[in-house]
Every structure is written in structure tokens, then in C-alpha cells.
Amino acid sequence: MIITAPRLTVRRLSCERDDRMLFRDLSFSAGDGEIWQITGANGAGKTTLLRILVGLHGFYDGEVLWHQPLAPSLLYLGHQPGVREELSARENLRYSQALCGQGGDPDAALEAVGLYGFEDVPAGRLSAGQKRRIALARLWLDHKPVWVLDEPFTAIDQDGVARLDARLREAAAAGTLVLYTSHHQVGENARRLHLGAAGARP
Amino acid sequence: MSGVWGAALRRELTLIWRAPADMVQPLFFFVVVVSLFPLGLSPKPALLALVAPGAIWVAALLAVMLSLDGLFRRDQESGALDQMLTSPVVSVVPVAAKLLAHWLLTGLPLALMAPLLGYMMQLPVAVLDTLMISVLLGTPTLTVVGAIGAALTVGLNRGGILLAVLVLPLYIPVLVFGAGVVRTAQDGLPTDGLLAVLGAILALALSLGPVAVALGLRISAGD
Amino acid sequence: MWKTIKRWYHQLGSPVYFYRFSSAVLPWLLPISVVLLGVGLAWGLAWAPVERYQGDSYRIIYIHVPASSGALMGYIAMGVAGLVALVWRMKMAEVMLKALAPFGAVLAAVSLVTGALWGKPTWGTYWQWDARMTSMLILLFLYLGIIALQSAIRDPRQAARAASLLAMVGVINVVIVKYSVEWLQTLHQGSTLKVVGESSIDAAMKWPLLISMLGLWLLYAANVLMRARTEVLNRERRAGWVRKLVSRPRGI
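Chains as they are written, first to last, in the working numbering: chain A, 1 to 202; chain B, 1 to 223; chain C, 1 to 252.
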């Protein structure tokens with residue numbers, strides 16, 4: 001295995017919210033091609049950690065260092081899928097593509113997540129799981145080197161979980177750094193970062 | 001960048017178009033509020049003509065403010081706002097597209113409706129064009145300035161009252177000059193200078209406003 | 001020169017340094033401000049000469065003018081603190097902004113009340129939409145907006161940053177409001193009575209005014225420092241220096 005320079009370095013990261021220490025002195029380095037599973041009980045700060053990493057949350061102590069510019073390389077799926085109900089699946093996806101400069105065929109991506117035939121249906125008429133799939137379709141578009149996914153496996157049926165699992169491994173094998181929160185473990189080699197009451201242990 | 005601008009503008013217009021209540025209700029509100037004045041004060045033409053500029057402007061101001069309460073709410077709740085803030089695009093671009101779309105579908109209809117309401121409020125026909133131009137020049141400022149307040153309150157489930165407390169004091173210059181232009185025209189005095197002042201305020205709002213709105217959204221996201 | 005300024009900036013930006021600095025300054029600042037304010041007010045209210053046209057009623061300027069100037073300066077200071085907080089992400093600027101708001105709002109209210117009391121004998125009414133009174137009323141609204149926004153946001157740092165942006169927009173607004181209400185007066189000529197000449201103030205009246213003004217400003221500064229100290233302790237309560245401070249039997 002080739003050791004490359006890390007893409008992300010986190011040093012002594014601490015975050016406090018509503019008078020509660022979410023995590024303290026968290027340090028780790030993550031490189032291309034790695035899969036990082038972030039676990040922890042509800043309220044342990046998983047979502048906040050991801051928001052800090054992608055630059056949405058700015059109130060923390062410590063250091064978060066991306067060694068290459070983050071914005072153009074990032075594919076971030078937050079806790080909410082970011083799908084507007086008034087727009088159809090295709091319109092939602094096309095807009096994300098324009099916003100994030102991500103090429104690729106939206107119809108093929110929607111088919112890959114099992115939304116064939118639903119491309120023109122307003123997202124408001126789809127189920128919660130289908131709405132999440134619209135957001136997940138971005139994983140089947142053109143390559144982005146960093147994936148940060150907040151609970152990508154929730155509200156998805158068994159078949160969808162298997163496909164997503166395979167997709168994450170495929171992407172990591174192609175060099176993508178994947179950071180995600182979930183209790184679902186992807187592959188044998190995924191690294192785990194557990195956020196517990198006593199602080200985090202990588 | 002121009003691709004993003006076009007895509008963002010089309011998205012915002014589509015969003016409002018598919019939920020037409022957002023567009024129609026401010027206009028309806030505008031008409032209803034102005035209609036209350038003759039009923040509450042007196043239908044005497046001389047009195048109505050006297051209060052008309054202020055009444056129409058206050059109603060327009062409230063209509064714009066109330067319509068802004070939901071400007072970012074659904075984007076925030078659905079997570080689309082976070083997508084925008086983490087994208088490589090400078091967030092001023094989609095924000096400006098949103099403001100433009102909002103003004104086109106709420107502020108502009110208000111301006112077009114204003115002369116009719118002015119006529120009903122017994123304003124002389126000769127000043128109706130001045131009324132429309134003043135609303136046309138003033139409402140974009142109201143949209144941009146109000147959007148700063150909307151951005152700062154987007155995550156708070158406080159409804160419109162907090163927004164009103166923040167934004168209405170900021171609307172006062174537009175109200176003073178907007179209604180003042182119409183009254184000046186009623187007195188038969190030249191209005192060019194005052195319209196230029198409204199234009200200058202608009203230029204200031206357009207140059208600094210979208211940046212402030214984008215910053216406000218970042219702050220509300222937690223940065 | 002530049003280096004000195006930079007060092008100052010960094011020192012004041014550090015909560016520990018600020019706490020020590022304010023501990024050293026407050027024991028002097030507070031008594032001095034109270035004494036100055038007392039002297040200025042006593043002199044102005046009891047010993048300054050009677051005004052030719054207004055008689056004794058003019059004496060309210062010894063409260064009204066310091067309060068008005070304090071309220072305006074406080075808001076401008078909030079705008080500056082907001083700029084520093086947003087551009088350089090300086091935590092102490094956030095603290096200062098929060099500390100400036102309550103006393104400033106009180107001063108704006110005091111200015112309005114004293115203005116109304118002064119208005120009764122001079123204008124014959126407690127309230128008139130005179131340019132200065134209107135501006136002060138709007139300034140009070142702006143203060144209340146800042147306080148409302150801060151209290152609506154739970155996270156103190158987020159609240160401070162939101163208030164920073166609002167304060168900056170507010171400062172620009174204050175300037176435009178000032179011109180707009182002055183213009184509004186010209187539209188309704190003759191509605192205001194210009195009884196008070198500004199520059200024709202006698203030296204015997206001016207000195208007590210300057211002293212009470214300085215006293216009130218220093219009192220404002222002392223209030224801001226005290227509020228800021230509480231806020232700093234609250235924010236830094238997990239930091240080592242605060243724990244040490246609290247565990248010591250006596251405070252600094």
C-alpha cells in the first residue's frame with residue numbers, strides 16, 4: 001500500500017454546544033482512498049463534526065486543515081437532503097450540478113439510484129427515501145475527490161443500502177476520500193472514529 | 001459563473017412560479033391594507049389624497065417585509081442552503097439571483113399595482129406615474145435590506161415579529177423619501193432630485209446588500 | 001509605531017489580558033466617572049446661570065445632551081466592534097458589542113424622556129416629530145433590534161456575529177435616517193420652533209455640560225467593561241485561567 005500525503009489533518013479539535021462538550025481534542029489525518037466511518041450515540045456531535053469539516057460550523061477550538069482547496073473537490077450531503085419539493089428530481093439534480101460544477105448525465109444517475117421513471121415528478125410527491133435518493137444520485141455523477149455524507153443510509157431500503165455500500169467502496173478504490181456518519185459499516189478496511197461521552201477515540 | 005447565474009435565476013423563478021401563493025398574497029395584502037384607510041379614516045377625497053402617499057408606501061413596505069419572512073426558510077429546512085454554502089460558487093451569485101427573482105415576482109407587481117391604488121385613494125392622475133416610479137425604485141431596496149434580516153433570522157422559529165423589529169427601522173429612509181417624492185409631486189414641485197436620492201439608496205443597497213445577505217446566511221448556518 | 005498598535009490589538013483581543021486590564025482600570029474608572037457626573041450635574045442644575053429665554057427649564061440639557069451623545073457614540077462603537085468581529089473574527093469585539101447594547105439603549109430612552117420634558121416648556125408639547133427626536137427614537141428602535149436578535153439566538157457566539165452584521169447595517173442606516181428626517185422637516189416648513197441656538201452657549205453653562213458629558217461617557221465605559229468581564233468569564237469558564245481565578249479564595 002502506498003502511503004500518500006494526507007488530504008485532511010485535524011488537530012486537537014474541540015467543540016462545545018449548549019453548555020456541553022461534544023468532543024474534545026480530536027486528532028486524525030485522512031488521505032485519499034480512505035473510508036472513515038464516524039459513529040456515536042445520538043447527540044454525540046457527528047453532524048456537528050461533519051459541518052465543521054466542510055466549513056459550515058465555525059465555532060470550535062483546534063485546527064482543521066485541508067491540504068487542497070476543499071470547495072471544488074467536495075461533495076457534501078447534509079442531514080437534510082437539500083431537495084426542494086417544488087422541483088422535479090431532474091431539476092433538483094441539475095441545479096446541484098450547476099452549483100457544484102459537477103458534470104455527468106443526471107438521468108443515468110437517477111436510474112442508478114432507482115428513480116427511473118420519476119425524473120419529472122415533483123419531489124414533494126415522492127417518499128422520504130426517494131427524496132434522499134435524489135440527493136444520493138450525485139454520487140453517480142462525475143468524480144469528486146472528497147465525499148462527506150451525513151447519514152446516507154437512513155430511509156433507504158435494503159437494496160438501496162447494498163448499492164450505496166458498493167458505490168462507496170468503488171469510489172474509495174478509485175481514490176475518493178469518504179467520510180460518513182452511520183452505524184452501517186462499509187467494507188472491512190473502513191476506519192472508525194467513535195465520538196463518545198468521554199471524548200473521541202480514533 | 002454565468003452558467004450558475006442562469007441556473008440559479010431559473011430555479012428561483014420556477015420555485016416561486018410553482019408556489020404562486022407566495023407571489024399573489026403580498027399583492028393581495030397590499031390592496032387590502034390600502035383599502036382599509038378610506039374605511040377607517042373617512043372617504044373624503046381631500047383627506048384621502050393627503051394621506052395616500054404615506055398609506056400606500058406603508059402598505060407596500062409591510063407587504064415586502066412579510067413576503068421576505070419565508071425567503072430562505074424552505075431552503076434552510078430542506079438543506080438546500082447548506083448545499084449552496086458548501087458549493088465552490090461564491091454565494092453572492094445564487095443569493096443575488098434569489099433577490100432578483102423575488103423582486104421580479106413580488107416587488108414589481110406592487111409597483112404596477114400602485115397607480116391603481118393611488119387613483120382609488122384620490123391622488124391626482126398627474127402624480128400616478130411618479131408614485132409608480134418611486135415604488136419601482138424603492139421596492140428593490142426593501143427586498144435587499146429585508147433579506148439581510150431574513151437571513152439572520154432564518155433558523156429561528158420566531159415568525160415575522162422579530163423580522164419586523166429588525167427590519168422596519170431600516171426601512172425608514174425609503175419610506176420618508178418614497179412617500180416624500182409623491183407628496184412633492186402633489187405640490188407641483190420637481191421630483192428629479194428626490195428620485196435620484198431613492199436611486200442612490202438603491203445603488204448602495206445593491207452594492208453592499210447581497211454580500212451582507214450571503215454573510216448573514218453563513219452566520220445563521222453557524223459559521 | 002505599527003508594531004505597537006499591533007501588539008495592543010493582540011493584547012486587547014486576548015480575554016486574559018482584557019480581564020487583567022479591566023481589573024486594573026475599573027477601580028479608578030468607576031469612581032472618577034461618578035464624581036465627574038455628580039460635579040457636572042450639580043454645577044449645571046444648581047449653579048449655572050439661568051438662561052435668558054428659557055429660564056430654568058434649559059437645565060435639562062445637562063442630562064439630555066450627554067445621554068444623546070452617549071447613545072449615538074455607543075451605536076457607532078457597536079458598528080465598529082461588529083466590523084472587527086466579522087472581518088478579523090476577534091472574540092473580544094463580539095463581547096464588546098454585546099456589552100455596549102443595554103446601556104446604550106437606556107441612554108437613548110433617557111434622551112427621549114428628557115427631550116420630551118424639555119419639549120413641554122419650549123414647544124408646548126411633550127412630543128414633536130422634530131428631526132433630532134425622531135432620529136433618537138429610531139436609534140432606540142435599532143438598539144432594541146440588536147437586543148432582540150441577540151436574545152433570540154441561543155449560541156452566544158452566533159448571536160454576537162448576527163448582531164455584528166445588524167449593527168454595521170444599522171450604522172449606515174443611522175446616517176441615512178439623519179438626512180432623511182432632516183429633509184422631512186424642510187418639507188413641512190414652520191412646524192418646528194428653533195428656540196435653542198447652538199453656538200450661543202455661555203462658558204458658564206458650557207463647562208458643567210462638558211464635565212457631565214465626560215462623566216457619563218466614562219460611566220458608560222465602566223458599565224461596558226463590567227458587562228464584558230461577566231461575559232468573558234462566562235465564555236471562558238472552561239479555560240484554565242478562569243478556573244484558577246474561581247478557585248482562589250479572593251478575586252483579583
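Keep in mind the hints are simulated off the structure, nothing from the lab. Since this is a predicted model, take the numbers as computed values, not measurements. Using N, Cα and C, we set each Cβ at its ideal position, and we do this for glycine too. Honestly, I wouldn't trust all of these hints.
Among chain A residues calculated to face chain B with C-beta under 8 Å, some are [what the hints assert, rightly or not]: (1) PHE59; (2) GLY62; (3) HIS79; (4) LEU99.
In rising order, the numbers of the hints this structure does not comply with
2
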